[in-house]
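Peer 1: First residue of the sequence shown: 6, per our numbering; consecutive thereafter.
Derived by calculation from the structure, the hints in this document are not laboratory data. Predicted, not measured: the structure shown is a model, and the values here were computed from it. Hints are not guaranteed to be accurate.
Unchecked claim - Computed list of lysine-lysine pairs in BS3-like fashion (alpha-carbon distance at most 30 Å, straight line):
1. Lys227 - Lys189
2. Lys282 - Lys323
3. Lys189 - Lys282
4. Lys282 - Lys234
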Amino acid sequence: MDAVRHILPDPRQYHPQVSLTNRLIHHAQSVLDAPDAGERDMWRQALVAAMDEMLQRGELLSISVALAMVPTQACYQVVWDGLRQAVEETGGARAQVFAMPLVLVAGSRSETTLPGEIADVAGLNALLRQHGVFAADGDVALSGALLHPDSVVGLDAATLYQLTRKHEAARDALPQQAAPVTVKEEGVFLRYLMGVAIQRDGEPSPLRQGGAVGAWGMPVMKLLGEQLKADGVTLFPIARPPLPVMQALVAGNFARFEVALQVFASSQIRRLRELDKEPVAIVSAHDNGELHFTLSARGDERNWEAFVWPLASLDNVKLIEENFRELMAECHVRDVHAIAELQPESRDGVPLFFTADDL
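Work out the full structure: start from the sequences and follow the hints.
Peer 2: Take a look at the structure:
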C-alpha cells in the first residue's frame with residue numbers, strides 16, 4: 006500500500022510520559038525495545054510470568070492500570086498478548102474456553118423478537134465437526150444460548166484463568182442467560198455462542214481456532230438462518246471463526262462494526278444514486294476516540310448520512326481506513342477522502358461530521 010492510503014491519525018489517548026515503574030509496562034516496553042529475538046523472548050516470558058502471578062492472586066487492578074496507562078498502542082498489544090497467554094496457556098492439559106461471534110443483520114417492518122437459543126445445537130456441533138473446525142473424536146462442543154457481549158465480558162481474566170484449569174468442570178460455569186434479539190426496521194447485532202474444548206496433555210487441540218471462514222461458512226449460515234427465523238424478518242447470520250474468549254470479544258466487536266459500516270454504506274450509496282447524485286465518502290478521526298464516516302453529495306445539504314465507529318483498544322485504524330477504501334472501490338465510489346488532521350468531537354455543541362461541501 007502506498008503512503009497516501011494510510012493518513013488517518015489514531016485518535017485514542019495514550020500516556021507517552023508514563024513512568025515505567027509499572028512492572029507490566031516496563032516488561033512490555035522492554036519487549037518492544039529489545040535488540041534481538043533472544044532478549045525479546047526473555048522479556049516476553051517475564052511479562053507472562055508476572056501476569057500469571059497476578060492472576061493466581063486474582064489481582065486484576067494492577068493489570069487494568071497497566072492497560073489503561075500504556076504509552077502506545079504497540080505497548081497495549083504486548084501487555085494484552087501477555088495477559089492472554091497467561092490466561093489461555095497452561096503448558097499442559099486444559100479447558101479451552103472459546104466463543105464463536107455471530108453478527109446478525111436483520112430487518113423487519115414490525116417489532117419482532119428472534120429466538121434466543123439454537124434449538125438444534127447438536128446439529129450445529131455436528132456440522133462444525135464434519136468440516137474439521139472440531140476434531141472428529143475431540144471433546145469439544147458449543148452450547149446453544151445466544152449470549153449478549155456483556156455476558157461474555159463478565160468473564161474477566163481471573164475467572165477465565167481459573168476455568169482454563171478446571172477442565173471438564175469449566176462447562177458448568179459458562180454463562181447461560183440467552184439474549185434474544187429484538188428487531189425493528191434494520192439493525193446489526195452481535196451475539197456469541199460459547200463452548201469448551203478439552204485439550205489432553207501432549208495431544209493436539211480438538212478445536213481449530215481463528216483463521217478464515219472456510220467451507221463451513223455457508224452451511225453454518227444456512228443452519229443458523231433456519232434456527233433463528235421469525236415471521237416477517239429478513240435475516241443474514243454471519244458466523245466468525247471460534248476463538249478463545251478474550252480474542253473472540255475483540256474479533257466479534259470489530260466484525261460487528263465492519264458489517265454495520267458495510268450495511269450503512271450500501272444503503273446510503275443506493276439512496277444517493279436513486280436521487281441521481283454522485284456519492285462522496287469522507288472519514289475523519291475525532292478526539293473522543295471515534296471515527297466518523299459520511300456519505301453525501303455536492304450541493305446537497307439534506308441527503309447525507311453518518312456512521313460512527315467508537316474505537317476499541319485493539320482496533321487498527323490503518324486497517325479500518327484500508328477496508329473502507331476497498332469497500333468504496335467495490336461500490337464504485339471514486340470520490341473518497343480521509344482527513345489527515347485530528348478533529349474535535351463536536352463544534353458549537355453539535356457532533357462534527359464532514360460532508361462533500363466542507364471539502
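Peer 1: Evaluate each hint against the coordinates.
Peer 2: Going down the list of hints, with the structure as the test:
Distance restraint check for Lys227 and Lys189: the Cα-Cα separation of roughly 22 Å lies within the 30 Å cut-off, and the hinted pair is therefore satisfied. Note on Lys282 and Lys323: the hinted pairing holds, with a Cα-Cα distance of about 29 Å set against a maximum of 30 Å. The hinted pair formed by Lys189 and Lys282 meets the criterion: a straight-line CA distance of about 29 Å does not exceed 30 Å. For a cut-off of 30 Å, the pair hint linking Lys282 to Lys234 is broken: about 36 Å separates their Cα positions.
The structure fails to meet hint 4 from the earlier list, while all remaining hints are met.
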